[in-house]
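From just these sequences and the hints, can you work out the full model?
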Amino acid sequence: MVLDKNQYQKTVEKIKPKPPAVKNGILAFLMGGFVCFLGEILFHVLTGFGIPEKESYTYVSIIFVLIAAILTGVGIYDDLVRIFGAGLIVPITGFANSMVSPALEHKQEGLVLGVGAKLFTVAGPVIIYGLISSLIVAILLRGLGKL
Amino acid sequence: MKKTREFSKPPVVLSYATIAGPKEGEGPLASYFDKVINNLYYYEDTWEKAEQKMLLEVAELALKKASVNKEEVDFFLAGDLLNQIISANFVARNLGIPFLGLYSACATFYEGLVLGAMLIAGGFAKKVLVGVSSHYATSERQYRNPTEQGVQKTPTAQWTVTGAVAVLLGEGEGKIKIPRITVGKAVDYGLADPSDMGGAMVPAAFDTLLSHFKETGLDYDYYDLLATGDLASFGHQLLVRLLKEQGISFGSKLTDCGIMIYHPEQQVNAGGSGAACSALVTAGYVFNQLSQGKITKFLGLGTGALLSQVTTQQGMTIPAIAHAVSFESY
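Which chain is which? The protein sequence lines are A and B, in order. Quick note on numbering that gives the first Met the number 0: the first sequence kicks off at 0 and runs consecutively. Quick note on numbering that gives the first Met the number 0: the second sequence kicks off at 0 and runs consecutively.
Quick caveat, the hints were computed from the structure, so don't treat them as lab data. Cβ coordinates follow ideal geometry from the N, Cα and C atoms, glycine included. Please note: incorrect hints may appear among the correct ones.
Unchecked claim - Computed Cβ-Cβ distance ranges for the label pairs, DEER-style:
#1 B:308 x A:132: 22 to 28 Å
#2 A:32 x B:153: 20 to 26 Å
#3 B:312 x A:16: 20 to 26 Å
#4 A:123 x B:95: 42 to 48 Å
#5 B:308 x A:131: 23 to 29 Å
#6 B:153 x A:46: 38 to 44 Å
Unchecked claim - The list that follows gives simulated cross-link-like pairs (lysine-lysine, DSSO-like), each with its CA atoms no further than 30 Å apart:
#7 B:293 x B:64
#8 B:184 x A:9
#9 A:53 x A:145
#10 B:152 x A:106
#11 B:152 x A:9
#12 A:117 x B:152
#13 B:8 x B:184
#14 B:174 x B:1
#15 B:152 x A:13
#16 A:22 x B:152
#17 A:15 x B:252
#18 A:106 x B:48
#19 B:69 x B:176
#20 B:176 x B:8
#21 B:174 x B:63
#22 B:252 x A:17
#23 A:4 x B:213
#24 A:15 x B:184
#25 A:4 x B:2
#26 A:117 x B:48
#27 B:63 x B:176
#28 A:106 x A:117
#29 A:13 x B:243
#30 A:17 x B:152
#31 B:252 x B:174
#32 B:243 x A:17
#33 B:2 x A:9
#34 B:293 x B:213
#35 B:8 x B:293
#36 B:125 x B:293
#37 B:1 x A:4
#38 A:15 x B:243
#39 B:252 x A:9
#40 A:13 x B:252
In structure tokens:
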């Protein structure tokens with residue numbers, strides 16, 4: 000009794016459980032919105048202390064990165080992402096998590112070849128392709144005379 | 000080409016020892032394990048050392064339970080999931096028993112049992128120690144992502160079982176015997192999703208299972224219990240479906256170790272996986288049931304997805320294997 004390969008692949012695709020996209024989408028939307036809401040509050044608190052607007056934006060990012068780094072360090076951030084998905088991966092907190100988690104993971108292999116070499120394994124591609132796409136957009140805008 | 004061997008003088012299980020991780024210790028089979036560790040580091044400074052410590056401990060415990068010295072053991076057969084099977088190799092260094100390192104991914108335990116039984120039945124050894132380990136964190140970092148990285152897993156993804164198991168096989172009298180084994184073929188049905196290893200392994204389990212019955216001539220209702228290694232909930236569902244298409248049904252007698260080892264609410268997606276998954280369920284739960292006479296005939300099918308992170312990243316499909324070993328008590 001030999002299984003037919005194509006038939007098998009079709010069966011797998013047909014009955015494979017799909018991720019709950021609607022539920023994941025709603026939870027990501029709510030959490031993403033909540034993070035932005037917190038950012039907005041923080042921004043107003045900071046400007047209330049007389050910190051200039053432009054600097055306040057930077058402080059908000061720094062504070063969020065710090066919070067995410069601490070939550071990653073104590074092992075909570077990955078549990079939250081399991082529930083809220085993109086709602087916590089897309090904000091700058093997700094970027095912090097993608098830097099801190101390999102740093103924690105590879106400290107056992109030393110500070111140079113462990114932490115130093117592996118720090119950007121997750122965030123590296125984001126930076127590279129972020130830079131490349133911003134370059135392309137800049138060239139296009141310049142071509143259109145908008146920059 | 001016959002894949003099954005039946006032994007005129009079946010090798011026996013002399014002793015066995017199990018250590019399970021914290022999550023497995025909260026699962027439904029917790030009471031069947033010799034020891035449950037409460038931290039993935041197990042008082043070591045790295046996860047790799049913790050895994051080695053568990054494997055060394057079960058190997059020594061199995062020998063102690065059978066009152067057997069290291070010098071009396073002919074061969075140590077062991078493997079694990081890490082690159083260069085470091086857990087097994089480093090433990091073999093400490094044990095000093097003539098050693099053969101094995102790798103069949105999550106089917107490594109059953110590969111060890113197959114080889115150990117054949118070495119004894121063939122008259123090449125009187126006592127063989129089979130050992131296996133896997134560890135959630137060491138596997139996760141090697142095959143997937145840093146453990147603390149936030150990732151939303153798919154419903155077919157599985158959770159690597161933390162644990163170590165050692166089984167001492169020998170000749171002569173014993174409550175649990177190994178009358179026959181079936182060596183699986185590596186098969187590849189063209190699936191490439193590394194977060195659906197159950198689906199990739201089902202054709203291997205299907206092939207080995209049907210070959211076992213065909214070659215031995217046993218009836219499908221011969222065994223009291225049959226368990227695949229770590230197909231988990233989706234893979235198990237697929238296997239049952241394929242068998243049904245052939246007009247075969249084992250009913251509730253056919254189960255899967257990856258389903259048995261965790262409660263559904265333990266957030267493990269489809270279920271458990273890893274070399275220690277089938278090993279903990281077999282040597283923990285099943286051997287207990289056989290010893291107490293609650294079941295007398297068991298067929299275990301260790302299943303392994305033979306992929307690496309490199310083959311996955313290069314877009315290659317996943318080969319899989321399944322080895323079957325029957326355990327019977329009289």
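Hints versus structure:
1. B:308 x A:132: 22 to 28 Å: Holds - the Cβ-Cβ distance for residue 308 (chain B) and residue 132 (chain A), about 27 Å, lies within 22 to 28 Å.
2. A:32 x B:153: 20 to 26 Å: For residue 153 (chain B) against residue 32 (chain A), whose Cβ atoms are near 25 Å apart, the range 20 to 26 Å holds.
3. B:312 x A:16: 20 to 26 Å: Since residue 312 (chain B) and residue 16 (chain A) have Cβ atoms about 25 Å apart, the given range 20 to 26 Å holds.
4. A:123 x B:95: 42 to 48 Å: Hint holds: Cβ distance 44 Å, inside 42 to 48 Å.
5. B:308 x A:131: 23 to 29 Å: holds (25 Å)
6. B:153 x A:46: 38 to 44 Å: Holds: the Cβ-Cβ distance is about 42 Å, inside 38 to 44 Å.
7. B:293 x B:64: holds (22 Å)
8. B:184 x A:9: holds (23 Å)
9. A:53 x A:145: holds (23 Å)
10. B:152 x A:106: holds (25 Å)
11. B:152 x A:9: holds (22 Å)
12. A:117 x B:152: holds (22 Å)
13. B:8 x B:184: Holds, because 25 Å separates the two Cα atoms, which is no more than 30 Å.
14. B:174 x B:1: With Cα atoms ~28 Å apart, residue 174 (chain B) and residue 1 (chain B) stay inside 30 Å; holds.
15. B:152 x A:13: holds (19 Å)
16. A:22 x B:152: The hint holds at about 14 Å.
17. A:15 x B:252: Within the cut-off at roughly 24 Å; holds.
18. A:106 x B:48: holds (15 Å)
19. B:69 x B:176: holds (22 Å)
20. B:176 x B:8: holds (9 Å)
21. B:174 x B:63: Roughly 18 Å between the alpha carbons, so the hint for residue 174 (chain B) and residue 63 (chain B) holds.
22. B:252 x A:17: The given pair, whose Cα atoms are some 28 Å apart, holds under the 30 Å limit.
23. A:4 x B:213: At roughly 22 Å apart (the allowed maximum being 30 Å), residue 213 (chain B) and residue 4 (chain A) satisfy the hint.
24. A:15 x B:184: Holds. Residue 15 (chain A) to residue 184 (chain B) sits at ~25 Å (cutoff 30 Å).
25. A:4 x B:2: The given pair, whose Cα atoms are some 22 Å apart, holds under the 30 Å limit.
26. A:117 x B:48: holds (21 Å)
27. B:63 x B:176: Holds: residue 63 (chain B) and residue 176 (chain B) sit about 20 Å apart, inside 30 Å.
28. A:106 x A:117: Holds, at roughly 9 Å.
29. A:13 x B:243: holds (17 Å)
30. A:17 x B:152: holds (11 Å)
31. B:252 x B:174: Status holds; Cα separation ~22 Å.
32. B:243 x A:17: holds (23 Å)
33. B:2 x A:9: holds (29 Å)
34. B:293 x B:213: holds (27 Å)
35. B:8 x B:293: Roughly 24 Å between the alpha carbons, so the hint for residue 8 (chain B) and residue 293 (chain B) holds.
36. B:125 x B:293: holds (29 Å)
37. B:1 x A:4: holds (23 Å)
38. A:15 x B:243: Holds - the C-alpha atoms of residue 243 (chain B) and residue 15 (chain A) are around 18 Å apart, at most 30 Å.
39. B:252 x A:9: holds (27 Å)
40. A:13 x B:252: With a Cα-Cα distance of about 26 Å, the restraint between residue 13 (chain A) and residue 252 (chain B) holds, given a limit of 30 Å.
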